[in-house]
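Got two chains here, each in a separate frame; can you build the complex from them with the hints?
So the chains spell out like this:
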Amino acid sequence: MPPQPPTTAERVITVALVGNPNTGKSTLFSALVGVRQHVGNYPGVTVERKAGHMTLDGRQLEVLDLPGLYSLAPRSRDEMVACEVLLGDFKGLDHAQAVVFVANACNLERSLYLLSQVLELGLPVVLAVNMLDVAADHGIEVDLAALRRRLPIPVVGIQANRRLGLDELRAALAGELDLHAPERMTPFPEAFEREVAQLRSRFETAPVSGGEPPSSGLVRRLLLDAGGYLESDMMARGRLPTGTGNELALARARLAQDGCKVPGVETRARYAWVQEMLDGVVRHPEHDRPSFSDRVDSVLTHRVWGVLAFVMVMVVVFQAVFVGAQPLMDWIELGVEQVGQWVADAMPEGALQSLLQKGVIGGVGAIIVFLPQIAILFLFLAVLEDCGYIARAAYLADRTMARVGLSGKAFIPMLSCFACAVPGIMAARVIENERDRLTTILVAPLLTCSARLPVYALLIAAFIPSWTYLGGVLNLQGLVLAGLYALGIVVAVLAALVMKRTLLRGSTPPFLLELPSYKWPSPRNVAYRVTQRAWQFLRCAGTLIFAVSILVWAALYYPQHPPSVAPLRQARQSLLAEMEHLPPGTPRHDELAEEIAELGHEITGEQQRQSILGHLGRFIEPVVRPLGWDWRIGCAVLASLPAREVVVATMGVIYNLGDDLDHDSEDDLNRLQQKMRAATWDDSDRPVFTTPVALSILVFFALCAQCAATLAVMRQETGTWRWPAFAFTYMTLLAYIGAFITYQIGTWISAGG
Amino acid sequence: MVDKAVPLESLIAGETATVSRITGRCDDVHRLEEFGLRGGSRIRMFRTGNPCILRIGGGKVCLRSDADLRILVERSI
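Taken in order, these protein sequences are the chains called A and B. The first sequence begins at 1 in this note's numbering and counts up by one. The second sequence begins at 1 in this note's numbering and counts up by one.
Just chain B, with the same shape it has in the complex (with noise of 0.2 Å):
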């Protein structure tokens, strides 16, 4: 099986694509997850960088992230 799996930060503005999966401290991880962000989530980069802004749904979320948290998605062709 081919892991096409990229770190967010990879998406250039514009971008959509399907989140697969997060790691990072367990409290973090759920954090997101309530919040809605989490494997199967369709996204959009809307602007990069750290804080980044993504679509998620009808709405944007302003996201910065730190070392031990990790998102890996997968590009929407």
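Looking at chain A on its own, in the form it has when it is part of the complex (with noise of 0.2 Å):
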């Protein structure tokens, strides 16, 4: 092998992973660069970027996860993303070098569409054909060798869950990247190649910015993009001349009068081209045989058995999440409370072991317990999605979400919601009508986020009866969350009901969704996409958390020694000294320490009072007593508008510092939660958690709008902030509406109870 010249060698090349959708394209990605992987954010745009390295006799490769494509056509961001990875005429973003196309053996014929697209675009490409193994079981037979024949690049058998096939890719791959790939034959007519070689010298000789004039694969997409998705997006960065958009339309004007319409021309085209390369190497089986996933959809797409089987997989789930996290959180729990016994017993009494100890330590980790319940929602997720299940429930939800005005395509953006509302927001770019995307977007932050159930976890083992019904199946508490959830679904869907009637009035496009075959999840996709999030979870604890826990502290410790709080101070330390002269056991003794305690508890409230907190809180207290809270819970419900978790934190310093532990409480509650039990309202004994109280902040919580970074990303998508001010406004609404009757109702029925 002759030596590679050293520039070469230390230029690191891109690799494009593309194919369509459900073509093991992820499996493969990971299979070639293993632990290697990030997964990130293309600039300016929050499209997924998800990237590896591997090396490759000797040389550098970068290999990009595309997102599944049916075409280069870009209708939605997703496929517009992709579309400039492979145009390589962006800014900012990576242009790939080469491309792996991942074909699905099951349906040769659509892959091979998207490859012609491909192969126009000047790139050494090399075809993997994946699943072979599936598409036998299908009976379908597919002749390789007949198709490296036809075909102008190397074609290799690939499987990627197995890893076969691994190392005939890369060698072919190796092979590929030293050539210079010649702009390939299209099958396009005479007539289109005429209107783009035509077009093209225009373009070369118009002055434009930032480089080159467009190469003639990106000249045929512009013109075939009748949408204008493609047009309006290089003219906003001055790539045309002006006047392109009049001259794109009159030459598809021609073609039209010649027969070759856009869009229609290039679909006929290029299956021609597929039928031709086709002929003879795929055998259909001629009855197809029921698959195994045909069995199992035969249940599972059931009008009856489906919906029945798709609530199922619900309780399960979130009975999982509540039950069997709970060993873990108490191991966590104990773990912190050992720490903050710990810091206790190191540091003198003083500001900073405060600060420590209530601040820090009360703060982040009364959120960090979740940990688990965050995990185990996302093994789920992640597991239901790798098998394929989750089209199947997007099928079932269609019928519904068309009543609404939405379509199937918006309950996998929606469904992700359920995890954070960020990347589901970031998924409704698979939705091509602009109206669905807004309002999937608008709606999907009252989808009930993992970032309520530390809330909803909190107050709901504090405050719900732990009931049992049907012999410990199910329980009330679990019932409460299962209602919590419920009723953000059913908020969402009036919410998107009235949207598309009102502000986004527009028609439903016809939905079209691939039900991939069932398969075993991966572990390792499955652990990945776990581990992710759980590490996410603990970054915002780590930062966010962690600032505003600081922030309630100082607000609530300072100003230290109120003039207020002197006499009572006074007072106790003469009772203090008078019992020290008492021996104990003695009924004075006996009054004295309860006179004591009582002080005790006076002064952590005038302290807590006087505080900037309490100042600030006893401000909003008249905004939030119609809801049952006192200006505790206002202060940190306004604490958390950055971050609704916060708000377990920031009740963990609260009450920390409030110190007034009943030590005789169950021993299943954790300490906070036992504090909350014992909180009771300024100036008397009548507790302030009641069962409609923590009810009116639950329903506040499941309805309203507090997490800064779904703004953001909402703001980011839609590109104004316009909308993101809407859903603040109209969700904070809802939730103080929705809390105040809560409240009210559930006082009216324990007081008539």
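Treat each hint with caution, since some may be false.
Interface residues of chain A toward chain B, partial, derived using beta-carbon atoms under 8 Å [as the list claims (entries may be wrong)]:
#1 Tyr70
#2 Cys106
#3 Gly227
#4 Thr267
#5 Tyr395
#6 Pro510
#7 Leu513
Read the hints as simulated data drawn from the structure, not as lab findings. Being a predicted model, the structure only gives us computed values, none of them experimental. Backbone N, C-alpha and C fix where the C-beta goes; we use that ideal spot for every residue, glycine too.
Laid out in structure tokens, this is it:
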């Protein structure tokens, strides 16, 4: 082998993985790059950028896993990014220098349609035909040798999940990297190519900013892109001379006269080529036999059994989240308490000890207890998605979604909102219809994200009785949790219905969704997704929640020793002095001890009332009073506007500083929950947290848009602050009204009962 | 020439057919074609209704059409 020139050895070559959705692209990606992968975002756009590194013959390759595509005609934002990476005309984005095209052997026709588009881009391409085993199960025979003879590129058969054929694929790729791919023949009629050449020469003479005039691959796409997505995008960046739109329209009109109407000419020409390539290569069975997936689908997509199965799956998930996580949570709780105790013992009493024990450990500790629940939720979502069930759920949901005016496609982003609204809102990019996409984005934060889970878990465990029904199968706590999820869904549906009837009126376009064959979830994919999310959660706990905890601690701790506390302290001191002279066990001694404890309680209360947070809290108390909240809850909710899970930490700080713990409380509650139970209204013994109050808080959190990240991503995805402002306003209003009604009705019922 | 084409909705579960033509809004038809559902495609009805589930090639596809979109098919005997 001749030695490589050093320049090529050092340069990192970008290889894009391209293919239809559900072709095993991501599995191949993991198989190729192993653990050397990272997920980020493309700058400016929020499309997920999944990249990894591999070494091939001593050369460094960066492998990009592009979103699954059916066509390079960009209709949605996801497709736009993939298109831009392949066309390589965009600053800040990667420019693919080679392509590994992944095809599904079960549907080569559709794969080759996309391949014919990719071949025109003038990049080295290797075709990897995946899932040959699945095709064989379906009775589909593929003659790879014949396909290899016809296509102008290397063809390799692989089984990505079993890591078969990867060496051949690497070898083929290595061979292609050295070649300079020629501009390949296109399947388009002559009249079409004439227009392409003409436009191209026009662009060459006209001045454009940012480098080379568009390649003929790009010009072809511009001409075919009747929707104008690509055109407007390139125009906005000054990459096309003025008047291009007009010229494209004229060219399309001329083509229509020549019988090459855009966009019909593309599918006609390309499928003719595909047919030519596949003639005699693929043999379908005479009668397709029902596969394993068919048998499963006959139950899971059934009108009655399917819906029942869906409900059961959801019940199992939520029960697992609530019950299954408990032992792990207890351990973490114990650890946090140990660390807090250790800090308290090791440090002298004072501001620093209070900051560490009450502020940092009390706040951050309160939230990381919920890590197991988050991990379990994501584990289930990842498994359901990886095995192919999510698409069936979308099918079942479409009937209902269509009634609201959305499609089943909106169901998938909405389902990911149960994990987190941020990826959910980003996933709405797969929805082609702009109004549907906006509606989905606007109602997405109503669906119960995992950040609400800590709030729900904390309050439910503390204030909802753990009654069981049906011999322990159903638990009232689990039912309330399910009810809160249902509340989010119902309100989201109603909100979408109202929006589609008023603000975002429009027709519902046809809905197309592939139902992939069922497969065993890959432990690698699942583990990766779970650790990714768990890590994100911990990072949030370590930064934002850490900062808010300290702020809340400080606002509650200072000013220390306000004047109104001094007489109380003095009284306590004199009582203490008196008690010292009495032998323990005498009636007077016990009396004094009680009075001292009482005074301690009053001192803490007064200290909190006179603190910065106390003043602020009492300022807003009139607003939150109708919801049944005292100023402490009001403050906690206010502090959680940047991120709702912060409220758990805030309450942790507030009630830790309070320090009136009744040690006789049940053992299955954690310290914070016991303290919240013991909390009373100022100047009275009436407990703050009654069941109606807890429910009112729960409903408020179910409906409120307390998440800066969600609002920011909304801004990013809609391009204006108007929509996030709208979402925040309507959700906060709904939350307030919902909490008000809940508290009032709850109080009325408990008074009547 | 006898046109044996019938609307897609008239197929019952398990029936196979060949798509003869698709009419509707230009963009919708194009999208269906790029998805692999086009004149000449062999399909099998898996679950009827709107949305329905079709078998195309080795895979299954869920499809909901609207008032403008018409898919005409010829039953295979």
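Comparing the hints with the structure gives:
1. Tyr70: holds, 5 Å
2. Cys106: Hint holds; cysteine 106(A) Cβ to chain B Cβ min 3 Å, cut 8 Å.
3. Gly227: At about 7 Å, which falls below the 8 Å cut-off, the nearest Cβ of chain B leaves the hint on glycine 227(A) intact, so it holds.
4. Thr267: holds, 4 Å
5. Tyr395: holds, 4 Å
6. Pro510: Cβ of proline 510(A) sits 5 Å from chain B, so the hint holds.
7. Leu513: holds, 5 Å
No hint from the list above goes unmet by this structure.
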